[in-house]
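Heads up: the sequence lines are chains L and D, in that order.
The first sequence finishes on residue 402 if you use the working numbering, and the numbering steps up by one all the way, no holes.
The second sequence finishes on residue 235 if you use the working numbering, and the numbering steps up by one all the way, no holes.
Rather than coming from a laboratory, the hints here were simulated on the basis of the structure.
Wrong hints could be hidden among the right ones.
As the list claims (entries may be wrong) - Simulated restraints, written as ranges between beta carbons of each label pair:
#1 D:Arg86 with L:Ile396: 15 to 21 Å
#2 L:Asp394 with D:Gly44: 16 to 22 Å
#3 D:Arg59 with L:Ile320: 17 to 23 Å
#4 D:Arg59 with L:Leu275: 58 to 64 Å
#5 L:Leu23 with D:Asp78: 31 to 37 Å
#6 D:Ala185 with L:Ala16: 31 to 37 Å
What the hints assert, rightly or not - Per the computed footprint, the stretches of chain D lying under chain L, defined by three or more beta-carbons under 8 Å from a beta-carbon of chain L, are:
#7 16-30
#8 71-81
#9 84-94
#10 108-119
Since we're looking at a predicted model, the values are computed, not measured.
Glycine residues also receive a C-beta, built at the ideal position from the N, C-alpha and C atoms.
Residue strings, one per chain:
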Amino acid sequence: MNALESSRIAVVALRANPGRSALTMLGVIIGVAAVILLVSIGEGARAYIEKELTGIGTNLLAIQPGKTSTAGGFHPPAAGSVHKLTYEDAKAIKRRAYAVSDAVPVVLGSGKVKFENLSRDTIIIGTAPEFPRVRNLFVEIGDFVTQADVDTKSKVVVLGRTVYRELFGDRPALGARVTIADAKFRVVGIMQAKGMTLGFDIDDIVFIPATAAMELYDTDALHEILAAAGRAEETDLAIRQIKEVLMKRHAGKEDFTIITQRAMMSTMDTILTILTGVLGGIAGISLVVGGIGIMNIMLVSVKERTREIGIRKAVGARRIDILQQFLFEAVILSLIGGIIGIVVGGGIAYSIPLFYSAIPTRVSLWSVTLAFFFSVAVGVFFGVEPARRAARLDPIEALRYE
Amino acid sequence: MPTLIEMEGVSKVYRTGQVDVAALAGITLSVETGEYMAIMGASGSGKSTLMNVIGFLDRPTDGVYRFAGREVENLSDDDLAAIRGRRIGFVFQTFQLLPRATALENVELPLVYQSVSRAERRAHAMDILTQVGLADRMFHTPMELSGGQQQRVAIARALVTRPLLLLADEPTGNLDSRSGAEIMALIDRLHAEGLTILVVTHDAAVAGHARRRIVLRDGQIVEDTRERVGESVNR
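Looking at chain D on its own, in the form it has when it is part of the complex:
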């Protein structure tokens, strides 16, 4: 399998007042296409920062980050936005849907910024919503949907651009256990279909769905199950 994500000595330092806080302190990580990996760690361990850097919401302060074989550095905000829009799908704990827009409009949103024609993006968004089981909820606003349904909309939105990577940040954090299980089942299915998935969580049950697990503490990877099972770390 080709390597999708490759990080060498990636660090992220926040300057708060006069104290520098290292949210990431020398992360070296390699993720292959098609992997299903959980990022774990206590709050403040740097797992969210790692997700932001991997997902191009944030830039590393130092180190090398290669994504899909391309070294990505010195990117402008607009470059980051373009990569996010085309290559990454985000799923957030709090869903992050536009409250006044319908499910369909929310799913269409990423395509709006890729200059896809209205008819085309509508058709595509409807198709994806049907795939996540919301064919009869397309014209409902988030307020009219249950938490599990909202997260399905968010997953549909993440998938609509056919991304290389799905980043899920505590995807079940705001859901009851039954909805949470449904969402994880959906994510498992996407993995089975070949999508690369990173799940950020502190929930061992959620992490249990993943084939690989890394644990962060103080901005460093302190555990990586891939090495333990002896898989190759070759590029």
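Just chain L, with the same shape it has in the complex:
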């Protein structure tokens, strides 16, 4: 008997009990939909974070004081605080490491920015003119901090969008004087809105010259130096050159850490791959439960149809014919359940971002393919045993069965 004949018989049998077939299928539908949905959330998160990190700049390097390793491992707490990074270090890197196109000092602080009777607590970044280029930021009105501002410790400030809006509303701000920690700063520019990146509001920041920030906080230490390799494929060379330059300046000691964008991305990627796997695995359990439902109903069905099996055997059905008939029933259940589950799961995954834009989802082809074949495999796996029982029945006893 060919496969077409078997599937025809199986479909007839399934349609004889539509309610039961639908409920059995529902188990598989829920399982497959859950796999598609949860994997799409994991994949969506991964795509979102990759996009955000790429938006920051892929050939970015951050040099931070103290030796730690992004690759993990144990560090005694005292091993860190050895040597500060200074503005001179940043200048030296820029001058001598030719694979590095930019080396931007970053002094990080926070404080109140006041204008007239309004004030806002915000993040204050002391830096140099290259900062916007390295971080893919743009000035909308006026100018960024210039090299001359840095050299002369000018008290100028560039406002992030949020800070500007809070302090000035829609009024012009260029040339206005704001107070930062008792010092007056002249507004020279307003940044273009950038929005949230990884939950952090890039617009809620003000920029001042690095030298002015060091004076403001009475320090000569930089929080970090942001560097960019001239070309992405020269990142490794840039790292070597930065190490060379800094170690020469720091008495031969590697008392700083260079974090690459790529290392951050691969760490994130690993975390999210595990997350996606865990989510998919949890959903997979429900699919297995759906499979057990199929097995359960098939065992009942074989029992109920013992006489039918006897009749079929009496008129010449071989074991394989009976096996095929019942296996096809199980597989058709799981196959149709799988297809409906993909449509339902995919549909929910697509519509989630329409209602909750905070949850990005992405239905990937591999998860659909995997869920589909997994559901068929579930049907085969849980359908084989009931089908084998049916095929093994003794025709004489089966015919006598009431």
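Starting from the known structure of chain L, fit chain D onto it as the hints suggest.
Then chain D, alone, in the frame of chain L:
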């Protein structure tokens, strides 16, 4: 006439718990093509077991069984199924029709397992149903048919593969006397057309239709009218 069924010392032993029960104890039997034979005996005499063995639903424990000149032993379940499908037609007391299938689908069933194309088996099944007088009942399910009509469907199903042997187990057991008579008339007609027929029954009236009668008791043939009328027992 060539010999269709030949049994020598065939026995069938069931093991129930620790006691062995011999349902057949050394059956020696020969049936020629075209014979019409009744197998009689009280319940538990082994007549059903004999029918099952002859019809390849069951295997003998011991002895030699030749069917259509071929010695049949060490057959797998699938071999048995293939012989049943092609050579034997069964008619049961309880009809044994698929309840949800139409008369036509029931008659087609044996051909499904012989990979006959849908169109061909449909045409053939319709032809046979017409022959048994059910041309206007083809698309009815067994529930919509009378007992006599159901048994006609079952006979049509048995005939659809053009078998060498028709095995009928109490074919009139569940029928009123009028339907029973009609069914026996149909079986008589099939015999007249040349089909070999074995009828298992405890009803003397049914057995009376047959030209030969064997009686079983405790798994042995205690009476065979063929020997009494002196026909040859040659192979």
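Hints, verified against the model:
no., hint, result
1, D:Arg86 with L:Ile396: 15 to 21 Å, "19 Å, holds"
2, L:Asp394 with D:Gly44: 16 to 22 Å, "20 Å, holds"
3, D:Arg59 with L:Ile320: 17 to 23 Å, "20 Å, holds"
4, D:Arg59 with L:Leu275: 58 to 64 Å, "60 Å, holds"
5, L:Leu23 with D:Asp78: 31 to 37 Å, "35 Å, holds"
6, D:Ala185 with L:Ala16: 31 to 37 Å, "36 Å, holds"
7, 16-30, "violated (count 0)"
8, 71-81, "holds (count 3)"
9, 84-94, "holds (count 5)"
10, 108-119, "holds (count 6)"
Of the hints listed earlier, the one the structure fails to meet is number 7.
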